Amino acid sequence: MIEAKNVSKSFGDILAVDNVSVTIREGSVFGMIGTNGAGKSTFLRMAAGVFRPDNGTITLDDMPVYENPAAKQEFFYISDDQYFFANTTPKELMRYYSVVYPKFNKNRMRKMLAQFDLDEKRKVATFSKGMKKQLSVICGICAGTKYLFCDETFDGLDPVMRQAVKSIFAQEIEERGLTPVIASHNLRELEDICDHVGLLHRGGVLLSRELEDMKVNIHKVQCAFKADSNIEEVLQSIDVVKKEIRGSLYTITARGNADDIRNQIQTANPIFMELLPLSLEEIFISETEVAGYDIKKLIF
Amino acid sequence: MTSRNSFFNLLKEDLHRRLWTLILSSLVFFGTFGVAFTMIVQNYVGRYSRVNYGYTKAQFIEMVSSNLCEDFYSFFPWFMAVAIIGAIICAMNGFAYLHSRKQMDFYHSLPVKREKIFAVRLVNGVLIYALPYLVGLLYTYVLCLIYGVMTWDIFFCGLFMFLIHLMGYLIMYLAGILAMMLTGKLVIAFFGICIVNLYAPAVYALFWLLKDTFFITAYNSGMDFDIALSVTRWFSPFSYYFSLVNEINGDGRFWLEFLAFLVFAAALVALNLWLYKKRASEKADTAMAFKATEPVVRFMIAVPVGILVGMLFFSIQYDYGFTTSVLWLVFGGLLGGFLCHGIIEAFYKGDIKKCLSHKVQMLVTMVLAAVIPVLFMFDVFGYDSYLPKKNQIKNMAVISSEMRFGGSYYDENGWIGPVDYALENMKVTNIDAMYELAEILTKDAGKHRAERFFDYGYNYVTAEDIYGNSSEERYNPTSFIIRYTLKDGSETIRKYEYNYYAVMDLLEQIYNDNEYKSAVHPVFGLLKTNVNIKNIEIYSPVNIKAGNMQLNGKAVLEAYEEDLLAMTFDDLKNSAPIGELTVVFTIEEEGGKYDDSTNFLVYPEMIRTLDLLRVSGYQMKGIADASNVNSISIHYSGSQNDLKRILGMEVPEEDVQNYYDEKSVGYEDYEIYYEKYGYYPPTVASPEYYQDIVVEFTDPAEIAEIKKHLIYRSYGNEFGPFPTYETFLNVEIYFEMQTGTYEELLAGEGIIGWSERFRFREDEIPQFVIDRLFEQLGAENY
Chain A
24 MIEAKNVSKS FGDILAVDNV SVTIREGSVF GMIGTNGAGK STFLRMAAGV
74 FRPDNGTITL DDMPVYENPA AKQEFFYISD DQYFFANTTP KELMRYYSVV
124 YPKFNKNRMR KMLAQFDLDE KRKVATFSKG MKKQLSVICG ICAGTKYLFC
174 DETFDGLDPV MRQAVKSIFA QEIEERGLTP VIASHNLREL EDICDHVGLL
224 HRGGVLLSRE LEDMKVNIHK VQCAFKADSN IEEVLQSIDV VKKEIRGSLY
274 TITARGNADD IRNQIQTANP IFMELLPLSL EEIFISETEV AGYDIKKLIF
Chain B
2 MTSRNSFFNL LKEDLHRRLW TLILSSLVFF GTFGVAFTMI VQNYVGRYSR
52 VNYGYTKAQF IEMVSSNLCE DFYSFFPWFM AVAIIGAIIC AMNGFAYLHS
102 RKQMDFYHSL PVKREKIFAV RLVNGVLIYA LPYLVGLLYT YVLCLIYGVM
152 TWDIFFCGLF MFLIHLMGYL IMYLAGILAM MLTGKLVIAF FGICIVNLYA
202 PAVYALFWLL KDTFFITAYN SGMDFDIALS VTRWFSPFSY YFSLVNEING
252 DGRFWLEFLA FLVFAAALVA LNLWLYKKRA SEKADTAMAF KATEPVVRFM
302 IAVPVGILVG MLFFSIQYDY GFTTSVLWLV FGGLLGGFLC HGIIEAFYKG
352 DIKKCLSHKV QMLVTMVLAA VIPVLFMFDV FGYDSYLPKK NQIKNMAVIS
402 SEMRFGGSYY DENGWIGPVD YALENMKVTN IDAMYELAEI LTKDAGKHRA
452 ERFFDYGYNY VTAEDIYGNS SEERYNPTSF IIRYTLKDGS ETIRKYEYNY
502 YAVMDLLEQI YNDNEYKSAV HPVFGLLKTN VNIKNIEIYS PVNIKAGNMQ
552 LNGKAVLEAY EEDLLAMTFD DLKNSAPIGE LTVVFTIEEE GGKYDDSTNF
602 LVYPEMIRTL DLLRVSGYQM KGIADASNVN SISIHYSGSQ NDLKRILGME
652 VPEEDVQNYY DEKSVGYEDY EIYYEKYGYY PPTVASPEYY QDIVVEFTDP
702 AEIAEIKKHL IYRSYGNEFG PFPTYETFLN VEIYFEMQTG TYEELLAGEG
752 IIGWSERFRF REDEIPQFVI DRLFEQLGAE NY
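Heads up: the sequence lines are chains A and B, in that order.
Each number in this note's numbering comes from the position in the first sequence (counting from 1) with 23 added on.
Each number in this note's numbering comes from the position in the second sequence (counting from 1) with 1 added on.
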C-alpha cells in the first residue's frame with residue numbers, strides 16, 4: 024500500500040502539491056487525473072523518491088520511499104518523458120535493469136519485445152515516440168516490481184497498443200497483484216482500466232474514490248412520458264444532477280439507489296424507461312459538482 | 002541488495018555509458034607512451050649505444066635512465082594539460098545527469114542509494130584517467146626492459162610523476178564535480194569550474210594590481226609567481242596542481258604534502274557527497290542548485306569585476322589629474338558592480354528583466370567595488386607610511402640597486418638571485434644606520450605619493466619634483482629594498498626610490514658592518530651549503546692563461562671571504578675588479594647530476610686570494626700592470642659636440658646652430674656632396690656631425706699612461722667608479738701572450754692574441770687622448 028500523508032511540495036513561489044493525502048491499495052489500478060500543472064507528475068516523482076516532499080510523508084508498504092532502495096525495489100517509475108541512455112538498445116537496457124532490479128525478468132522482456140515487434144538490437148533513439156512508450160512499459164512490467172508508476176504513459180500510444188498495454192496490466196494484476204498508478208490528464212484514457220481514481224487540482228486532491236462506489240450512487244435514466252404526466256413533480260422527489268429534454272424524451276442523471284430512482288420515475292407512468300451506463304466523465308461531473316467545482320473547467 | 006546489484010556491476014555499467022571518454026583517454030596515453038616515449042627510448046638507446054661514444058654498459062644504462070627520468074618530468078606541461086582537460090571532461094560528463102530533469106527522474110527513481118551513484122561516477126572518472134596512464138607507463142617499463150635499460154630510477158621516476166599528475170587530476174576533478182553540484186546547467190557549470198580554479202589567482206592578481214598601482218612602496222620581486230602559488234594553492238585546484246609540479250622534488254616533504262593532499266581530497270569528496278545528498282533533484286536545469294550560494298557567488302564575482310572596471314577607467318584617465326581619475330575610478334566601480342550584478346542575476350533567473358532584483362545587495366556590491374580601490378588610493382591602511390618602532394625590530398635588511406654584488410647564488414633549494422639571497426639571509430641587528438635610512442625613505446615616500454596621486458599625475462613627476470633642483474647636487478635615482486623583521490616574528494618588505502648620493506654616508510655605515518657584508522655577498526652562503534664544489538676556474542682579461550692549476554676550492558673561497566670582509570665601502574667605491582673566480586659545482590637533482598657555476602669578482606685589494614692564486618701558479622694582474630699590451634685603440638661614435646657633452650665641456654650655441662647651416666655637411670648631404678664635387682666632404686665636419694672614429698696609440702709611454710686609468714668593461718655594472726658614457730667611448734686593447742716552448746715560438750706557434758674592451762674611470766681620460774679624439778673628429782677649436 025502506498026500512503027501519502029499531508030504531502031506538500033513547492034518550487035520557489037509555486038505550490039505544486041498542497042497537503043495531499045492519498046492511499047493507494049495493492050492490486051488495484053489507481054488513476055490520477057488532473058489538468059496540466061495540477062501536480063500529478065510532482066506527486067508521482069515524490070512517490071518515486073525523485074523529489075523529497077517539503078512536508079508530509081510518503082510510505083510504500085510502510086517504508087519511507089525517499090533514499091530507500093528497499094522501498095524503491097518495489098516500484099518502477101515511467102516518467103512522462105522517459106530517459107534512455109545515448110545510443111542504447113533494448114538489449115542494453117535489459118542488461119542495465121537486471122543489474123538494478125533484482126527481480127528483472129530478461130526472458131519475459133525478450134518475449135514482450137517480440138510480441139510488440141520491437142527489435143532488441145535496434146537503437147532506441149531510432150524508435151518512434153509510441154515505441155519508446157511501449158519499451159518503457161515493457162521494462163516496467165519485466166522489472167518484477169509490485170507497483171508501476173506511469174506518468175502520461177498512454178499518451179502517444181495508438182488505440183491498439185493502448186488496449187494491448189491495458190490487457191497486459193490486467194494480466195499482471197491478476198497473476199501477481201501488480202498495482203499500476205497511472206497519471207493522466209485524459210479521463211477517457213483511464214475509463215476502462217482504473218479501479219480507484221484520484222482527482223488533483225491546483226496541487227490538492229479534490230476527491231479520491233473507488234470507481235464502483237461512485238457508480239453505485241449515480242445513474243442515468245432515459246425515459247419518455249405522455250404529455251399529461253406529472254413528471255416534474257416526480258423529478259422533485261429524486262436527486263437530479265442533470266436533466267436533458269428533447270421533445271418527450273428525458274435523459275436524467277440522478278443520485279441515489281437505482282431501484283429507488285426507477286420506482287419513483289415509474290410513478291409518472293413513463294412510456295419508455297431505460298437505465299444507461301455512465302461514463303467516467305459523467306460520474307466526475309457529478310462528483311466534482313458535489314464538491315463545488317465545475318469539472319468542465321477543470322479537465323475538459 | 003543482491004550481488005548482481007553490486008557496486009562493481011554498476012561500475013561496469015556506468016563505464017559502458019562513458020565509453021567515449023575512456024577511448025579518448027586511451028588514445029591520448031597511447032600517443033604519449035605508445036608513440037612519443039617509444040621514440041624517446043629508441044632515440045636514447047640508439048644515441049648512447051654508438052660505439053664511438055665508448056660508454057660501458059653501466060654508463061649506457063645510466064645515461065638512458067637519467068635522460069628518461071628527465072623526460073618524465075619535462076613532459077609535465079603535456080601531462081598537466083591532459084590531466085586538466087581530462088578532469089574537466091570527466092567531471093562534466095560524469096555528473097551531467099544532475100543537470101537533466103529526464104536523467105534525474107531516471108537515476109533517482111532507481112533502487113540505488115545516491116551515495117552509490119555518486120561513488121560509481123566518482124570512481125569511474127578516476128579510472129578513466131588512471132587506467133590508460135598506468136597501462137602506458139607499464140608499457141614504457143616493458144619497453145625499457147626489452148631494450149635492457151630498465152632501472153629502479155626509471156621505475157620510481159615514472160611512478161612518482163604518475164602520482165603527482167594523479168593528485169593534480171584528482172583535485173581538478175573533485176573541484177569540477179563541486180561546480181557540477183553547485184550548478185544546474187552545463188554552461189553555468191563550465192563557468193563554475195573556471196571560477197573554482199581561477200578565482201583565487203584572479204583575486205590575488207587584482208589585489209596585486211591595486212597594491213602595485215596605489216602603494217608606491219610595494220615590493221614585487223621575481224618570486225611573485227611562487228608567492229601567488231603558495232598563497233592561492235589551497236583555494237584553487239589549478240594553483241595547487243601547478244605548485245605540486247613546481248615545488249615537489251621527491252624528498253621527504255613530498256610525503257607530508259601527500260598526506261595533506263589526502264586530507265584535502267577526502268574533504269572535497271565529503272563536501273561533494275554532502276552537497277549531492279542535499280541537492281534537490283528539481284534543481285536540474287536551473288542556474289544554481291542551492292539558493293544560499295546565489296548571493297555569495299554573485300557578490301564574490303561582482304565586487305572584483307567592479308573594481309577591475311574602475312581600475313581600467315582609472316588607468317585610461319590617469320594623466321588628467323587627481324579629480325578626474327578618482328571620479329572615473331569610483332564611476333567604474335559603480336558601473337562594473339552594477340553590470341556584473343545584473344548580468345549574474347539575469348543568469349540566475351533566466352530572464353534579463355530580472356537583472357535589477359535584489360537592489361540592496363546590488364547597492365552594497367556597487368559601493369564596495371567603488372570604495373575598495375579608493376581606500377587603496379588614499380592609503381587608509383598606512384601601507385606607504387609603514388615604519389615600525391625601532392624597539393619592535395629584531396633585525397633588518399637593506400638592499401640598494403647601487404650595491405649589489407655577484408651573480409645568482411645556488412643552494413639545495415636551487416638558484417636564487419642576489420636580491421632574494423640578501424633578503425633571505427640578511428639579519429642585521431645593529432640597525433641604527435638602517436633605521437635612519439628607513440626614516441628618510443619613508444618620509445620621502447609620503448611626499449612622492451602625494452605628488453604622484455594628488456598633485457600632478459604620474460607622468461608629470463620628474464626627478465626635480467622629487468629631489469629638488471639637482472644642478473648643484475649629484476643625482477642618481479636608486480632603488481632601496483628594506484625588510485623589517487619584528488620581534489613578534491612578522492616580516493614586512495618595502496621598496497623605495499631615492500637619490501643615492503644623498504644617503505651615501507648612511508650606506509657607507511651600513512656596508513662597513515661585517516654582518517651586512519656577509520649577507521649581501523652571495524659567496525658567503527656558498528660554503529655554508531652542502532653544494533659540492535668541483536673546481537675553481539680563473540679569468541682575467543689581461544692574462545687568459547689558467548694552466549693546470551690545482552686549487553683547493555674551499556681554501557680559495559675562505560680567503561676570498563676574508564678579503565671581502567676586509568674591504569670597506571670606500572675600497573669598493575674606488576676600486577675596480579681585475580678578474581673573476583668561477584666556482585664550478587655539481588648539482589644533483591631529480592633526473593641526474595650536472596655541473597653549474599657562479600662567478601665572484603676579484604679586486605686588487607684581495608691580497609689573500611691573489612696570493613693563493615699566485616702560489617698556485619696564476620698571476621692575476623690589473624690592466625695597469627699588464628705587460629703584454631702592444632697597442633690601444635679607442636673607438637668613438639658620435640659628434641664633436643657629443644664628446645664635449647660627455648666630458649662635461651661647454652657646447653657653444655653657434656656650434657649647434659652650425660649643424661643646420663648650409664656650410665655644414667649632414668649625413669643626408671654626404672652623397673649629394675660627392676655627386677657635386679666628385680669626392681667626399683673633408684673630415685672637418687659640422688660639430689654635430691656623427692662620426693665613427695678609431696684612435697690608435699702605440700707609443701709605450703702613452704700606453705702606460707692610458708692603462709693607469711682603465712677598468713674592464715664587463716664589470717661596468719658593478720658598484721664602483723664607472724662612468725655612464727661607455728656606449729660612446731670604448732677602449733680596445735690587443736693582448737699577446739707566449740704560451741709555447743722556444744721551439745714552438747720559432748715555428749710561429751705558441752703565441753696567442755686576443756682583444757678586450759675597457760673603459761676609462763669616471764673623469765680620468767688623459768688630456769692627450771682627448772686631444773687626439775678631437776683632432777680625429779676634425780675639431781679645430783674645443
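Think of the hints as simulated: they come from the structure by calculation, not from any bench.
Worth double-checking, as some hints may not be accurate.
To give a feel for the contact side, a few chain A residues facing chain B, derived at Cβ under 10 Å [as the list claims (entries may be wrong)]:
| id | residue |
| --- | --- |
| 1 | Tyr100 |
| 2 | Phe107 |
| 3 | Ala247 |
Output of the computed footprint for chain B on chain A, the stretches with three or more beta carbons under 8 Å from beta carbons of chain B [what the hints assert, rightly or not]:
| id | region |
| --- | --- |
| 4 | 66-79 |
| 5 | 112-120 |
The model shown is predicted, which means the values in this text are computed figures rather than measured ones.
Beta carbons: idealized from backbone N, C-alpha and C, even for Gly.
How the hints compare with the structure:
1. Tyr100: holds, 4 Å
2. Phe107: For A:Phe107, the interface hint holds, since the closest Cβ of chain B sits about 9 Å away, which is under 10 Å.
3. Ala247: Constraint on A:Ala247 not satisfied, violated at 54 Å.
4. 66-79: Three-residue rule met by the region 66-79 of chain A, so holds; n is 6.
5. 112-120: holds (count 3)
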